[in-house]
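Colleague: Listed below, chain by chain, are the residues.
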Amino acid sequence: MAKIASLAEAVSELVRDGDTVALEGFTHLIPFAAGHEIIRQGRRGLTLVRMTPDLIYDQMIGAGCASRLVFSWGGNPGVGSLHRMRDALATGWPAPLAIEEHSHAGMANRYVAGASGLPFAVLRGYAGTDLPLHTDTISSVECPFTGEKLAAVRAINPDVGIIHAQRADRAGNVQIWGIVGVQKEAVLASTRSLVTVEEVVDELEPVPGAVVLPHWVVDVVAEAPGGAAPSYADGYYDRDNAAYRAWDRISRDRAAFGEWLSSLRGEQAA
Amino acid sequence: MAKIASLAEAVSELVRDGDTVALEGFTHLIPFAAGHEIIRQGRRGLTLVRMTPDLIYDQMIGAGCASRLVFSWGGNPGVGSLHRMRDALATGWPAPLAIEEHSHAGMANRYVAGASGLPFAVLRGYAGTDLPLHTDTISSVECPFTGEKLAAVRAINPDVGIIHAQRADRAGNVQIWGIVGVQKEAVLASTRSLVTVEEVVDELEPVPGAVVLPHWVVDVVAEAPGGAAPSYADGYYDRDNAAYRAWDRISRDRAAFGEWLSSLRGEQAA
Amino acid sequence: MTRTEPGAGETTWTSDEMMSIAAARSLRDGQACFVGIGLPSTAANLARRLHAPNLVLIYESGTLDTRPDELPLSIGDGVLAASALSVVSVPEIFNYWLQPGRIDVGFLSGAQLDRFGNINTTVIGEYDEPSVRLPGSGGAPEIAASCREVIVVMRHKARAFVESVDFVTSVGHGSGPTDRSVLGLRGAGPVRVITDLGVLEPDPQTAELVLTATHHGIEVERVRAETGWELDVSADLMITAPPTGTELRTLRSMRTVGDPR
Amino acid sequence: MTRTEPGAGETTWTSDEMMSIAAARSLRDGQACFVGIGLPSTAANLARRLHAPNLVLIYESGTLDTRPDELPLSIGDGVLAASALSVVSVPEIFNYWLQPGRIDVGFLSGAQLDRFGNINTTVIGEYDEPSVRLPGSGGAPEIAASCREVIVVMRHKARAFVESVDFVTSVGHGSGPTDRSVLGLRGAGPVRVITDLGVLEPDPQTAELVLTATHHGIEVERVRAETGWELDVSADLMITAPPTGTELRTLRSMRTVGDPR
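Chains as they are written, first to last, in my numbering: chain A, 1 to 270; chain B, 271 to 540; chain C, 541 to 801; chain D, 802 to 1062.
The shape of chain A in the complex, shown without the other chains:
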């Protein structure tokens, strides 16, 4: 049975300094509120795992939460670069950042292996590319039937998996629809899990295309209306493309970012 708690309680209970944490959501349902709460609670030394770091990891990296980033595409989608991530990589500000870089197919399969209780996954990938020279969680296996050589990637099993979903019921069963990404896999691969939701409801009405995560694989559900903004929650609100574009200016400049960060931290104190 999942526990229903406030977001502050949930982060405090589940996320510890030095943890490997995956906040997932592929463009859709990115758990911004949870990431902001991690910033507010001042977590340090996290290994942040996410296919597309997006603004949320740019913010967490800029805030000094992370010492390592595991990812497969690190840009501001349709806009440009993640300047806080670039700055941390280039200058170590505000903290040095190590990276472990994959392709999307590799990352997706690492989550699948993690969710499946397997130590690795097999895929056709990486052949001829330069990534295997730099990433030691890419290797190869030989098919025992055909002798073909295929890529192997190491399973990901984060300490904490965090996602945002549309709804949960009072038992903690979680419902997600629209672009579902790797959220199910991220939760199932993780030792502990937190799901923020737009709302907790009495009953989960079936929805076409919905994925349900049963209460017994979710540790904590926290209500966080609007918790995916400026990304979006299908059925609740649209993606705020203007905010994505505006982030470019804030992120480019340490001072502008510092103001953003103060304001974020101030909100909690208020």
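A hint or two may mislead.
Listed next, with one range per pair, are the computed distances between beta-carbon atoms [claimed, not checked]:
| id | chain 1 | residue 1 | chain 2 | residue 2 | range |
| --- | --- | --- | --- | --- | --- |
| 1 | C | 789 | B | 529 | 51 to 57 Å |
| 2 | C | 723 | B | 524 | 55 to 61 Å |
| 3 | D | 1055 | C | 569 | 55 to 61 Å |
| 4 | C | 761 | A | 206 | 51 to 57 Å |
| 5 | A | 149 | D | 813 | 28 to 34 Å |
| 6 | D | 1055 | B | 368 | 54 to 60 Å |
| 7 | A | 149 | D | 1055 | 53 to 59 Å |
| 8 | B | 286 | C | 764 | 55 to 61 Å |
Just so you know, the hints here were simulated from the structure itself, not pulled from any lab data.
Note that the structure is a prediction, hence the values are computed from the model and not measured.
Glycine included, every Cβ here is placed at the ideal spot set by N, Cα and C.
For this one, chain A is given, so just place chains B, C and D on it according to the hints.
Modeller: Below, chains B, C and D without anything else, positioned relative to chain A:
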């Protein structure tokens, strides 16, 4: 673009003597009408692939269509044995039947590998059981990261994959809901595919829990109302448990089966 | 827990009823239970109607947390899908739900069981020329491998409770207490075998199944006679409490889909 | 096919418009096309509005056969999900749809491209101390590996069209015509690179990209000046037909989600 044709045309075009054919549907949506059409058209020497042979393969084996059976659970669910299958195995009547036997997890992963364009799949399975002694599509691989030994199963890529679904639209997009089994994987793993449907409709209304197979991975769609009976089609008709029970008596006896078969073949002539 | 003593008219029950009731009692509320069809399904659904309303039932057809009003005849009856929290594909049920060890209890039956709890549902006799061809593996090998614990429910007959199974379909304790870890099986394996005569549990030292309880009214000698190995009896042999009236009435009220009313 | 010649007022267009239109023309109706965001997405959606109404667009966010009214800004905008025939998970889109070679055309862009069509979207300079850190792989390496053919759309600049990429993110033809098969890559790789200046295609003998067309009004020398290797010119160099009025009007009418109207 999938072609929409009659079931007789579809079977005639897609299924050839000696083919490896998978008729899938896990308890639900078993493509009986398609199997019966294969019997009527007198196909021989088929390798029949199916997790649960069920009545449909008992009938096809008894009718002499098969020379090989690839499966993971061969019973009449909740009732007892498949006597035609047993008879073919024990006495070679009406034709000798070779078998290749797996567990459900192994078969499911063989389809997944086939659908994924991989030559094999990895799972935690078979360790300590006697199946690997008898089935040469079970082997093992070592994890390149941890050194753990895991089971490997060879991909299945049937010549023809056949399933029954609730609906298709006129472009041949197929919609399935309820227990969806391994149908998507069976179609995607196969070189050619046939989908029988309860009805062809103008538009596929979204349904909770539905899986959609796009028209460009389906070769032929054939309308076959009631085509899953005596199994069932969620939203259309229930499982005919009485027919499953009655099959036991027919299947036990070669003569009673012969009458059933004549009647099936006669139906077409009528 | 309320316990209704059987009334005067309810003091008789069949050995199958006792078996289902004993098996139902062994499940705890809130557990996630991977259910095989037949005896396990009856017992699990009985438990859900008695002391374990929040038992999470999972069938290999992909139905997660299902609450059927009537018992399914097959593993994929419509009643399972209609009452499920979620229906997932068959590959998913095995790969994401069973394999990683997310399931508390695997509930199995079999045609043969040996002194170490290994189960045969494949063939009696030689594999290539069997005297009886059985249905085969289904989901059982991986249920036996991956669930945190396994409970076996089967009728106690000498021809079924054998010294050594003809074919290992699903591994119990192999040939001793360390075999499972050597094989890399992560669940604890069979922790209890519930029959129509009593209960067998593995000896912690040897992993051999010993008689730990007889059902009300069953003599140890009868159990021994129906067991194909020299059955050891636990020093603190228990006697299963007889069915309560509530248990019997609930069990008898459960009907299988399609049965005549 | 109806072709509208540009009217007097429509004889000017930008080189980006020419590029998108040339890229759109290269797609055939009914093909399944795996679309990267940005230039490829614009071109593919333009093709769907022009001559290829049944183009099957697939984005790595899991949206299958999507028909957005407006262009998405990101790869997973709501407009893609809302107009899709089906939305599948990200693991599924890569494993069941891309990897087995079910997709006719992969439509990519990049920061650097070399003479063999290898693409870099990872770093400029050394990996550990890059002069520019780029976004990275995303879905591109496996799109480049697995689609039946790959079409690259990118702006023609000397700093981008290089002798040899600093980092091979996505394999084109490696270093020659046999490299793809040696590497086990099953698709044909880049069959065409469409830029704002012209079209490059691999020489069948050497797999090196040669200039096979210049866009209307573009001189070969200008293309050579913007190419970082000794660019060969095909013996039968073509000239891309200028945009038609319909093409320009359609392209100009497409708007990105969230753009001011």
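Colleague: Now look at each hint and say whether the structure bears it out.
Modeller: Hint by hint, here is what the structure shows:
no.	hint	in the structure
1	789(C) <-> 529(B): 51 to 57 Å	violated (44 Å)
2	723(C) <-> 524(B): 55 to 61 Å	violated (43 Å)
3	1055(D) <-> 569(C): 55 to 61 Å	holds (58 Å)
4	761(C) <-> 206(A): 51 to 57 Å	holds (56 Å)
5	149(A) <-> 813(D): 28 to 34 Å	violated (53 Å)
6	1055(D) <-> 368(B): 54 to 60 Å	holds (58 Å)
7	149(A) <-> 1055(D): 53 to 59 Å	violated (44 Å)
8	286(B) <-> 764(C): 55 to 61 Å	holds (58 Å)
Comparing the model with each numbered hint stated earlier shows that hints 1, 2, 5, 7 do not hold.
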